[in-house]
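**Student:** Sequence:
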Amino acid sequence: MKRILLLSFLAFLTVALAFKGLDLWSLGTNVDGNGIGIHFLGFEINDRVPKASIPVYAIGFLASSLVTLLTGIVLTGVKFRGFENESY
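Residues 1 to 88 (our numbering) make up the sequence shown, in order.
Hints may be right or wrong, so weigh each one.
[Claimed, not checked] Now the in silico label distances, taken between C-beta atoms and shown as ranges: (1) F9 / T29: 24 to 34 Å; (2) V67 / G42: 16 to 26 Å; (3) A16 / D47: 18 to 28 Å.
Hints in this document: simulated from the structure, not taken from any laboratory. For glycine and all other residues, C-beta sits at the position ideal for the given N, C-alpha and C.
Could you put together the complete structure from these sequences and hints?
**Tutor:** So this is what it looks like as structure tokens:
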């Protein structure tokens with residue numbers, strides 16, 4: 001049960017990070033003023049991100065989503081591999 005909750009949380013986090021990364025990537029440097037503030041899940045990441053750094057943050061969010069996805073896959077693989085070795 002704990003593993004299912006952990007995998008559900010990782011799946012949610014993966015999707016949220018990917019959407020934030022894609023949102024920032026599509027925004028690019030097309031912003032009003034000198035920059036933007038970046039918030040994720042109600043937390044302020046940075047309140048003054050210059051235009052030139054927005055793609056770096058987008059890549060960071062996309063890379064973080066990839067890490068959480070791979071973590072979930074590894075945990076799932078360990079779970080299924082454990083069942084193969086057990087005899088009933």
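**Student:** State for each hint whether it applies.
**Tutor:** Taking the hints in turn, this is what the structure says about them:
A hinted range of 24 to 34 Å holds for the C-beta pair F9 and T29, which are about 33 Å apart. The hint said 16 to 26 Å for the Cβ distance between V67 and G42, and at roughly 21 Å that hint holds. At roughly 20 Å, the beta carbons of A16 and D47 sit within the given window of 18 to 28 Å.
Going down the numbered hints, you'll see the structure goes against none, and every one checks out.
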